[in-house]
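*Asks:* Chains as they are written, first to last, in my numbering: chain U, 1 to 347; chain E, 1001 to 1083.
Treat the hints as calculated values from the structure; they're not laboratory data.
Among these hints, one or two may not hold up.
[Stated by the list, open to error] Within a straight-line C-alpha distance of at most 30 angstroms, the following computed DSS-like cross-link-like pairs (lysine-lysine) qualify:
(1) Lys-20(U) x Lys-102(U)
(2) Lys-304(U) x Lys-1069(E)
(3) Lys-183(U) x Lys-144(U)
(4) Lys-155(U) x Lys-196(U)
(5) Lys-1069(E) x Lys-329(U)
(6) Lys-1056(E) x Lys-328(U)
(7) Lys-183(U) x Lys-1069(E)
(8) Lys-329(U) x Lys-1056(E)
Owing to the predicted nature of the structure, the values given are computational and were not obtained by experimental measurement.
Residue-level listing of the chains:
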Amino acid sequence: MIRVIHYLNQFFGQIGGEEKAGIGPKITNSAVGPGMLIDRLLEGRGKVIATVICGDNYFTENGEEGAEEVFLLIPRQEFDIFIAGPAFNAGRYGLACGELCKRVTERLGLPAVTGMFPENPAVELYKKSVYIIGTTGNAAGMSKAIPRMVNLALKLLRGEPVGKPEQEGYIPQGIKKNVLSDKLASERAIEVLFKKLRGEPFETEIPFRGLDLVPPAPPIERLEEATIALVTEGGLVPKGNPDGLESARATRYARYLVKDLEMLGSDGFQSIHRGFDTTFINEDPNRLIPLDALRRMERDGAFKRLFPHFFVTTGVATTIDNAKKIGKKIATELVSAGVSGAIVTST
Amino acid sequence: MLEKEIERAGIPAVLVTTLLPTARMLRANRVVPGIGITNPLGDPRLSPAEEKAVRKNITASALEALTRKAQGDDERAAQDARR
């Protein structure tokens, strides 16, 4: 007999709506609401032996104590799999489901599966540590979600290998598993190429990221009134790298004053970028950050003002996520400083 | 990536790089070609005076790119489709 414990919030647990979101945890010894679908699916093989219900506010507002209090209701009885939700797009509910599944997995070592709409904020927090079946944004997708959740949980229970996200229906965890193929990479690459040429569907082995489109910002209307800022990913720092900027896999950026400089001198600056030969740049840092040229153009009135600092990070083996974070932070600084345009130089 | 985030915040940004295929693939909106990976805004093979002139040209192009309306991706896709 497969024994399932199911977690629901106050709404799906049929207690009430938002007005009941503050209720504390309770446990019933049978399936409630969507849990009955689990019972139907497992007919003859198993059933929901207990349903834990808690208000979304109670769970998320009482920190560690609240979460633990709810969690402790679960191991009170022996069971085989834990199912939470699905939470669809409900953020607080998602947090509760994710957190409980995580605790069940880590502390009880038992299979735990939940379901959420991919844009549920809880997904980013829990997708790596919890199996989250992708669902619709609202409860219309209940009848599709529950069977997928149960099937995945049963696989985990039986110790069967879990397939790829597309096969099992869970949200990609960003995990790369090395598998041995009987075909060489070159053969697989040519096969994909032929599929593409023939217009046939093909599957990429590694999904390509970074393709989001950014609508162009409006151009500078009056350059002569503009403030221009210099940004580089070439790792140019004051000699000695006083702030210890990373030379690869950057997680941050720095800002250095060039207000009173006419050009960048080789005695004052160096590049710590580990992705290319920095000899020429170290000889003449203006080859990376054209301070001399811009300063002259500033004097000639081509534009109004060169921003007093340049921004620098190191763009080698930097993850797309970190590059985006760094970019967003630099962008915020530029916006608050009223910069009109930026020249970003790269190796 | 940096220039995309700056553009996303509403400030025009131009990327000076030698890796044009990469810039195109990542859909940078404004790109000006650099001279070399080890010297994007310089050329050690030239005399210092010639190098300064080259740098001035590239820098001027970069500034100009900031003042021109950049092609959005839809326009680029239409262009690619016509080729």
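*Asks:* None of the hints should be skipped; say for each whether it holds.
*Replies:* Here is what the structure says about each hint:
1. Lys-20(U) x Lys-102(U): Holds, because 25 angstroms separates the two Cα atoms, which is no more than 30 angstroms.
2. Lys-304(U) x Lys-1069(E): holds (20 angstroms)
3. Lys-183(U) x Lys-144(U): Since the Cα atoms of Lys-183(U) and Lys-144(U) sit roughly 36 angstroms apart, the hinted pair is violated (cutoff 30 angstroms).
4. Lys-155(U) x Lys-196(U): violated (34 angstroms)
5. Lys-1069(E) x Lys-329(U): holds (25 angstroms)
6. Lys-1056(E) x Lys-328(U): Measuring from Cα to Cα gives roughly 29 angstroms; hence the hint holds.
7. Lys-183(U) x Lys-1069(E): violated (48 angstroms)
8. Lys-329(U) x Lys-1056(E): Within the cut-off at roughly 29 angstroms; holds.
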